[in-house]
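Using the sequences provided together with the hints, build the complete structure.
Read top to bottom, the protein sequences are chains A and B.
Residues in the first sequence are numbered from 1 upward in steps of one, following our numbering.
Residues in the second sequence are numbered from 1 upward in steps of one, following our numbering.
Hint data in this document are derived by calculation from the structure and do not stem from the laboratory.
Just so it is clear, the structure is predicted and the values come from calculations on it, not from any experiment.
No residue lacks a Cβ here, since even glycine has one placed at the ideal position from N, Cα and C.
Among the hints, a few may not be true.
Below, simulated SDA-like cross-link-like pairs (lysine to any residue); rule was C-alpha separation at most 25 Å, straight line [as the list claims (entries may be wrong)]:
1. B:Lys44 <-> B:Ser101
2. B:Lys51 <-> A:Asp54
3. A:Lys100 <-> B:Leu21
Computed beta-carbon distance windows for the label pairs [unchecked claim]:
4. A:Arg67 <-> B:Gly40: 23 to 29 Å
5. A:Glu76 <-> B:Ala2: 31 to 37 Å
6. A:Leu13 <-> B:Leu66: 41 to 47 Å
7. B:Val50 <-> A:Pro10: 34 to 40 Å
8. A:Ser79 <-> B:Asn62: 44 to 50 Å
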Amino acid sequence: GNSVTQMEGPVTLSEEAFLTINCTYTATGYPSLFWYVQYPGEGLQLLLKATKADDKGSNKGFEATYRKETTSFHLEKGSVQVSDSAVYFCALEESGGYQKVTFGIGTKLQVIP
Amino acid sequence: EAGVTQFPSHSVIEKGQTVTLRCDPISGHDNLYWYRRVMGKEIKFLLHFVKESKQDESGMPNNRFLAERTGGTYSTLKVQPAELEDSGVYFCASSTGRRNSPLHFGNGTRLTVT
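And the structure:
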């Protein structure tokens, strides 16, 4: 079956530090890959996505590249802000089917001033 | 447009009691999903409706869980009787189902069974 593995955290960084959250996946076929974010007290929001190999998703300064050869989709941001403090979920969705999403465990990020 | 709405936001019940969670999807979204995150674990798929029909309920844990979507609008998820391991956050999501259409999630219902 499908699975997503990501570091659990928590990850604590100082403002303006570089962020990497690793994500690897196992899937049949050619899934789409996502990063979702959950800010405190809110629901899940789509942060970025990539639908095929070598695609780069980007949003709000975050980036992730779909690497089929390493089955990875690591999330990066060059300079984090306090407002980026949230839980980040890596996820995949099988191609050709309904939006049955497989999530990772979530990584809690805390950015301190 | 209004987003996906879930009610209640938080529910605390005793083991053996019944709880009903409600989800109002975005108007016009035929696809409705329920997911659950147990503390410290992944968010897991529970089931999927297309309009009023259950398309996939392979993630439902056991027969204590009953989901309905009468009329193809809002959905309810009833847990009866609740057990301690049912505690977690229950998320609802909806989408149009068109290719590459995004999933819109609600804020979730935090269920605590004591």
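Handout entry: Hint check, failures only
Key = 2
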